[in-house]
Amino acid sequence: MSENSFVYVTYIRTTPEKLWEALTDPEFNRQFFLCSYQESDWKVGSSWKLVFPDGRVADSGEILEIDPPRRLVIKWRNEWLPEVKEDGYTRCTFTIEQDGELMKLAVLHEADGPHRLIPNVSKGWPLVLASLKSLLETGKGFERPPSKG
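So the sequence shown is numbered by our numbering: it starts at 12 and just counts up by one.
Just so you know, the hints here were simulated from the structure itself, not pulled from any lab data.
C-beta atoms are modelled at their ideal positions from N, C-alpha and C, and glycine is treated no differently.
It is possible that some hints are incorrect.
Computed beta-carbon distance windows for the label pairs [what the hints assert, rightly or not]:
id, residue 1, residue 2, range
1, R127, D52, 38 to 44 Å
2, K96, E28, 33 to 39 Å
3, E50, G111, 29 to 35 Å
4, P93, E28, 35 to 41 Å
5, P64, K96, 19 to 25 Å
6, G124, E154, 34 to 40 Å
7, R127, E32, 15 to 21 Å
8, K151, D123, 16 to 22 Å
9, S133, E154, 17 to 23 Å
10, G135, E76, 31 to 37 Å
11, G66, P27, 15 to 21 Å
12, E94, S145, 31 to 37 Å
13, E112, L75, 27 to 33 Å
14, T104, K151, 37 to 43 Å
Straight-line alpha carbon distances no greater than 20 Å define the calculated SDA-like cross-link-like pairs of lysine to any residue that follow [said to hold, decoys possible]:
id, residue 1, residue 2
15, K54, R102
16, K134, A69
17, K96, W53
18, K86, K96
19, K115, K60
20, K86, D65
21, K60, S71
22, K29, E94
23, K54, P37
24, K134, E94
25, K29, K134
26, K115, D78
27, K115, K54
28, K60, R82
29, K60, T21
Could you put together the complete structure from these sequences and hints?
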């Protein structure tokens, strides 16, 4: 990780179609994205948002590229931390590749320069993606951890 990018790679025992569905279906999202979910019609140029369980918009942006079930690129901006929001947009790229019986999922979250969102996503993505792996392999994702005081 640098101050302007974060990369995470994991291997999941699933199919490319099931992994794609998990990444793009709101009901699937709720099961691994710590009860949050994404909303979009998943077409290039379409709006995108990540919604907290209470309905507040956590992040928003636009679909930049989509190639199911191989690649998804989202223009991404934090909406709930004013100091992070003012840094503007980042890009998040999901790449899915088959590797034998496994799916290799790579997530690259990057900014054009230093950005306060990158340290935040470097803490969040590992938990979210471990939850996704757990959901697809065992049928159960992680619960949202309790807030720290």
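Hint check results:
For R127 and D52, the hinted distance range of 38 to 44 Å is not satisfied, since their beta carbons lie about 29 Å from each other. With their beta carbons about 35 Å apart, K96 and E28 fall inside the hinted range of 33 to 39 Å. For E50 and G111, the Cβ-Cβ distance of about 34 Å falls inside the hinted range of 29 to 35 Å, so the restraint holds. Checked against the hint of 35 to 41 Å, the C-beta distance between P93 and E28 comes to roughly 39 Å, which is consistent with it.
In this structure, P64 and K96 meet the distance hint of 19 to 25 Å, their C-beta atoms being roughly 20 Å apart. Restraint check, G124 to E154: a C-beta distance of roughly 35 Å satisfies the suggested window 34 to 40 Å. Checking the proposed 15 to 21 Å range against R127 and E32 shows it is violated: the Cβ atoms sit about 32 Å from each other. For the hinted restraint 16 to 22 Å between K151 and D123, the CB-CB distance of approximately 38 Å leaves it violated.
For the pair S133 and E154, the beta carbons lie near 22 Å from each other, so the given range of 17 to 23 Å is met. Between G135 and E76 the C-beta distance comes to about 22 Å, which lies outside the given range of 31 to 37 Å. About 31 Å separates the C-beta atoms of G66 and P27, a value inconsistent with the hinted range of 15 to 21 Å. Remark: the range hint 31 to 37 Å for E94 to S145 is upheld by a beta-carbon distance near 32 Å.
Checked against the hint of 27 to 33 Å, the C-beta distance between E112 and L75 comes to roughly 31 Å, which is consistent with it. At about 27 Å, the CB distance of T104 to K151 disagrees with the hint of 37 to 43 Å. At roughly 16 Å between alpha-carbon atoms, K54 and R102 fall within 20 Å of each other, so this suggested pair holds. Distance restraint check for K134 and A69: the Cα-Cα separation of roughly 15 Å lies within the 20 Å cut-off, and the hinted pair is therefore satisfied.
Restraint check for K96 and W53: the C-alpha separation of about 23 Å exceeds 20 Å, so the hint is violated. Restraint check for K86 and K96: satisfied, since their Cα atoms lie roughly 13 Å apart, inside the 20 Å limit. Restraint check for K115 and K60: the C-alpha separation of about 25 Å exceeds 20 Å, so the hint is violated. A threshold of 20 Å between alpha carbons decides the hint, and for K86 with D65 the separation of about 23 Å lies outside it, so the pair is violated.
Note on K60 and S71: the hinted pairing holds, with a Cα-Cα distance of about 4 Å set against a maximum of 20 Å. Under the criterion of a C-alpha separation no larger than 20 Å, the hint pairing K29 with E94 is inconsistent with the structure, at around 36 Å. Simply put, K54 and P37 have alpha-carbon atoms about 15 Å apart, close enough for the 20 Å limit, and the pair holds. Only pairs whose Cα atoms come within 20 Å are accepted, and K134 paired with E94 is accepted, the gap being roughly 18 Å.
Restraint check: the Cα-Cα separation between K29 and K134 comes to about 25 Å, which exceeds 20 Å; the hinted pair is violated. At most 20 Å may separate the alpha-carbon atoms for a hinted pair to count; K115 and D78 meet this at roughly 16 Å. About 23 Å separates the Cα atoms of K115 and K54, which puts this hinted pair outside 20 Å; it is violated. Among the hinted pairs, K60 with R82 is consistent with the structure: their alpha-carbon atoms are about 18 Å apart, no more than 20 Å.
For the proposed pair K60 and T21, the alpha carbon gap of about 24 Å is over 20 Å, so the pair is violated.
When held up to the earlier numbered hints, the structure conflicts with 1, 7, 8, 10, 11, 14, 17, 19, 20, 22, 25, 27, 29 and fits the remainder.
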